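Participant: Note that the sequence shown covers residues 1 to 216 in our numbering.
If you are wondering where the hints come from, they were derived from the structure by calculation, not from laboratory data. Being a predicted model, the structure only gives us computed values, none of them experimental. Keep in mind that a hint or two might mislead.
[Said to hold, decoys possible] Okay, derived cross-link-like pairs now, BS3-like style, lysine-lysine, Cα gap no bigger than 27 angstroms in a straight line:
{"id": "1", "residue 1": "148", "residue 2": "14"}
{"id": "2", "residue 1": "83", "residue 2": "2"}
{"id": "3", "residue 1": "148", "residue 2": "170"}
{"id": "4", "residue 1": "139", "residue 2": "170"}
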Amino acid sequence: MKINLLCGDRHLPKHLLEDKSEEEWGGIDRGALILIEHEIEPIFSLGDFDSVTDEERSELKTKLDINPVKAEKADTDLGLGVKEAVECGFDEIDIYGATGGRLDHFLGAVQLLQVPEYVEAGIVIRIIDTNNEISYLEKGEYHMTYDKHMPYVSFVPQRPNTVISLTGFKYPLQNQTLHQGSTLTISNEIAAYRGTIEVESGGILAIRSRDAQHSL
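Build out the structure end to end from the sequences listed, making use of the hints.
Facilitator: Set out below in C-alpha cells:
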C-alpha cells in the first residue's frame, strides 16, 4: 500500500495535491494544514505543530484529531510520520515538502531512507520535489525507465566499499567499487529505454533529477 506524506509547501511538483487528491495522505506538522486547505483529509496528522500559528492550530483541532507531540523529543516529526505509516501497513511512502529548508532537517529525512528495519522489511521510501527524486538501494538488481522530465541519474555511496554495475546508461560500469566521498557516479543518464543498476555490495542513494529551468 502507498501513502504520501506532506511536510510543507516548499518545492512541490506542480498540481501535486490536485493530481493526487484521491490518494492516501499523512500530514506532518504544517503539512496537515495544507492538506485540509486543499480539502484532503489525511489518515493521520503528526508533529509538534510549531510551524503553525495559534489560529491555524485551532483550525486544525476543529477539523482533525491532532495531539501535538512535545518539541523536545527523540525523533523528528517526519521520523514519527514514517513510523506511523509503516505501523499502518504502508510499504511505499512518498515524502513531499522535505527539501528547500533547513539542511539538518533534509539530511534527517535522507537518513530515514536507510533505517535498517524499513530496508529489511522492503519498505520503499522516496523524497520527491520539483526537480529531484531520492531513494535508497541496497544489495540487489533494479531497473530504471527513462524519463525525459528527470533525465539525470546520480548514485551516492552510503557504505564503505560499495560495488555497483550499470548497464543501459550513458556511462556504464562493471563491478565498480565506490568509496564514500566518491563523485564518480554523479550526473549519469539512461542511454535508451531502461537502465539496470546492480548493487553487488553496500548501498547507494539513487537520485533522479533535472535542471531547475526545465521544471514543469
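Participant: List in ascending order the numbers of the hints, as given earlier, that are violated by the structure.
Facilitator: When the structure is compared with the hints, none of them turns out to be violated.
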